[in-house]
Amino acid sequence: MRTRKEMPTKNNNIFLNITIILILLAAAGPSFAQLDPKALPEPAPLKFNPPKPVEFTLPNGIRVLYLEDRELPLINILGFLKCGSLYEPGEKTGLAGLTGTVLRTGGTKKMSGDDINEELEFLAATVESSIGTEFAQIMAQCLKKDLKRVLEIYADIAMNPEFRQDRIDLAKNQAVESIRRRWDMPIQAASALFQERAYGAGHPLGRRTTPKSLAAVVRQDLVDFHKKYFAPNNMLMGVSGDLSASEAKSLLQSVFGAWKKKDVRFPAVPALAENADGTVYYAYKDTPQGNMFLGHLGSRRLSPDEPALEIMNYVFGGGTFSARLMKELRSNRGLTYGIYGGVESGPDRGLFMISSQLKAERFVEALDLVKGIIVDLQTKPVSDGELAEAKNSTINSFAFRFEQKRTALIQYINLKLEGYPSNYLEIYIDNIRKITKADVQAVAKKYMDPAKMIVLVVGDEKKFDKPLSSFGKVRPIDLKAIIEEEKGAQK
Amino acid sequence: MKQKQRSILTVFILTVLLLAPAGFLAAQSLEGKVKVKRLENGLTVILIERHGAPVFSTLYGFKVGSVDEVPGITGTAHLFEHMAFKGTPKIGTKDFENERPVMDEVNRVGRELSLELVKRDQADPEILKKLREELAALEKRQMEFIVKDEIDQIYNNAGGTGLNASTGTDQTQYMISLPSNRLELFCLIESERIKNAVLREFYTERSVIQEERKQTTEAVPMRLLYEMFMGTAFLAHPYKNPVVGWASDINSVTLEEAAAFKKKYYTPNNCVLAIVGDVWPEKAFPLIERYFGAIPRGDDPPALRTVEPKQLGERRVVLEFAAEPMMVMGFHKPTFPSKDDAAAMIAANILSLGRTSRLYKDLVRDKQIAASINVGSGPGLRYDNLVTVTAVPRYPHTNEELGKAVWEHLEKLKTEPVTGQELQKVKNNIEANYIRGMASNMGLAFTLLRYQLLFGDWHLYLKAKDAYNAVTADDIMQFAKKTFTIENRTVAYLVKKAAQ
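Chains as they are written, first to last, in the working numbering: chain A, 40 to 530; chain B, 51 to 550.
Please note that a few of the clues may not be correct.
[Stated by the list, open to error] Chain A residues, not near chain B, derived (Cβ > 10 Å throughout): (1) Thr96; (2) Thr375; (3) Pro386.
[Unchecked claim] Straight-line distance between alpha carbons at most 16 Å, and here's what the computed EDC-like set of lysine to aspartate or glutamate pairs gives: (4) B:Lys411 <-> A:Asp195; (5) B:Lys411 <-> A:Asp154; (6) B:Lys411 <-> A:Glu425; (7) A:Lys519 <-> B:Glu374; (8) B:Lys546 <-> A:Asp325; (9) B:Lys477 <-> A:Glu160; (10) A:Lys324 <-> B:Glu268; (11) A:Lys77 <-> B:Asp145; (12) B:Lys411 <-> A:Asp153; (13) A:Lys366 <-> B:Glu194; (14) B:Lys417 <-> A:Asp208; (15) B:Lys547 <-> A:Glu160; (16) A:Lys211 <-> B:Asp525; (17) B:Lys140 <-> A:Asp75; (18) B:Lys477 <-> A:Glu404; (19) B:Lys477 <-> A:Glu157; (20) B:Lys198 <-> A:Glu404; (21) B:Lys417 <-> A:Asp205; (22) B:Lys144 <-> A:Asp75; (23) B:Lys411 <-> A:Glu160; (24) B:Lys83 <-> A:Asp325; (25) B:Lys411 <-> A:Asp208; (26) B:Lys411 <-> A:Asp260; (27) B:Lys245 <-> A:Asp75; (28) B:Lys190 <-> A:Glu158; (29) A:Lys77 <-> B:Glu240; (30) B:Lys198 <-> A:Glu367; (31) B:Lys87 <-> B:Glu332; (32) A:Lys526 <-> B:Glu374; (33) B:Lys383 <-> B:Glu537; (34) A:Lys266 <-> A:Asp208; (35) A:Lys324 <-> B:Glu466; (36) B:Lys462 <-> B:Asp524; (37) B:Lys547 <-> A:Glu313; (38) A:Lys131 <-> A:Asp260; (39) B:Lys546 <-> A:Asp208.
Since the hints were derived computationally from the structure, they do not count as laboratory data. Think of the CB as a built atom: it goes at the ideal place given N, C-alpha and C, for glycine as much as any other residue.
With the hints as constraints, model all of the structure from the sequences given.
Here you go:
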């Protein structure tokens, strides 16, 4: 593969509900010498109206977005609730994740998880649940002919989960096994150690699930966690596929009608504090490359800086080969298969982060280059070409967000969940067009501090070109001790 | 924790997809929508109109992969895939006329350096040093002419997404999705890349691939184990080689060898182009013809001579690595479109597809010996391949324990017929998964391209439907009896090496 991205870039949840100007190519006759694509005439605009979902609310408060999609005899059901590991107690870290798994596998009052498996798999249908940091998800897919039955099971899982003990045990055992293996791959190890330092080991975003914290979770915790957050008035659903809006409405009403509204309260989440002070953390691991995560806290969601940050990320390390990190470290110097970076937003703060797996014998050279690229963005304006490409790419690729109705719907839902105003899209596109070089430079200065970045390194320093101490003050991390400690708790 | 598990299995998801080609409902609705045209130079074009969003996805593939490589140049198919992004005389350069002599020098010195390096211990350190410095200086000079990754730049400006390529054992493919009125741009750039590729920056890219190999194989326990497993299961057939190539070959292959490889296999008569999305055949075909039709036909690629000899006894390999244990077990079997291949596909799904599969229920859910198990097929489809079981034991259970438990299930397939319910469930899932696969333009392009490219007719994917539907409990039993034998078995264990 030419490229495989190891780090997701910003979740692009930005939409245009106005007419998009795309560009039409006039037909040009090729000559059969070597042809230049830049010589093709400038194209005329193309019109496109993105599909807009129909919105309705059930009497019990479930909000629903619907998009018709008649091409294939399929239905997609999406459900999101505000609920996540942000709200779990520290000594029970992993509770939200377990609840998300066992919600589905532990069955309902009426059906065991195994009965649900048998019935759904025979229908080639899926209903899957999970709980992340901020949101819970229940996603279903089925053939149109099975919709009614699948929806009954779906609603039963959301409303009446039984959290059977044997499936809690299974999920815990599986989680403990994953923890045993999380240090096996160097980039995963680096990621875990970086998050812990960037967010702080005491913060819900920074702390790690351990065998000990899993052992502290009992069935009643799952029951209570579900009870607290799963309510119709806390749920946002999406339906797309081969059915009408009125069918969707009446089917949802029939399966969810009995679910009662209730008051949902969220515990206060501790504010994030900046821990970065330029320390180089080094964890020894016998592995062929130098693995790095650099960064510190990032931006706050809904910040007016978001459009400028999006352009800056594109130019800096957003995932294309035009990004400066990729150009310099991969294309010009062959130091890595891939390098990505940027400033991400979060409900409080996200992360500014750069990650890569690099040629060990030129590792410190690479660190210096990355630092130089940041400083460059802060001290000099980006080029005309870079600014234009970042904008053109964002605007002209817009139609792809609507290629599949299901993914379009997920993006509409994310926008709503994350609190973006309904007119946000038009404003956003205008803002993208308005971004200037000065705006890019300003956010580069405001959101990146190369002197204070956490430098997290996993690898074997003996293979590096220079000692890490030449880059900054080094603090070792004893990975072996961490692994041993976690294992000790397992038995 | 869920994500972790997914990453362990990622490598094998592809092989499972390869095993799931039949689509019944969807297939019928496809007939009539698929328009196929063969150009005079031998290029086959598949077009499917889907006028939803104003976008289209393109994929073109050459029937060439690591299976076409010989010792010394393993990894060349993949290496060339990377080089295909470096431009043409008009793309990626400010001034080709003046760039060219510098590039020729880069290539001359690069070749000398490669030849010196191959001497290993006998290499002269003075010569190495001199050549390295010379190469670096020349590359720096060439850089002044280069417009970096201009193909990416042009497509990005046009709103293109997903510009990428991939190489497998059997085929190499290139993809890009574009807004619907960018078809001519696509035709121009891609036909130029095939016709007039300039292999600039070869030695830097070789260095990128060295890092790719470390990142995606040497640092990833399951990938490294899989590489050793295939190297053991195949003695003679080139399926024994990793797609990315062996490290020593990646370090030694020269630009001349890559160019020769390209010339042999990158011909229109060895290529299929698939376009799916908001395109109109009456406009698209003439455009495609004008640009791609101008690529000269080449000689037909040579046939592979080597046939894997019958396995005459169990093979075992151990990887000592600083990671928790895992295992792969495999058995030789005939490839698509044999009856055995269809039986293998159904058996694999009965064993490991979903939470109601036999291995999941018994070994993951009940006995909890395993963290995960997947039964698939690999490494390719063009030649006879393997049915594989990849499994991750759960502590404190061992590879040996898990291997024994898996073996009992395979034995059971030989003596007890699978139930009608199991058979029907798998067939229901094959059908539904395929319909789902059609939701994406690129997914659809990929499926049709594979059948057309590897087996000469995309309709085979409709015929596969009959083959899968026809598989009976007795077929599975017959298949199990002849396949799941100790003498036909290869086993690879990853054993944890203590960290120093």
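- prompt: In ascending order, which of the hints set out earlier in this document are inconsistent with the structure?
  reply: Hints 2, 4, 6, 15, 16, 18, 20, 24, 26, 28, 34, 35, 37, 39 contradicted; others consistent.
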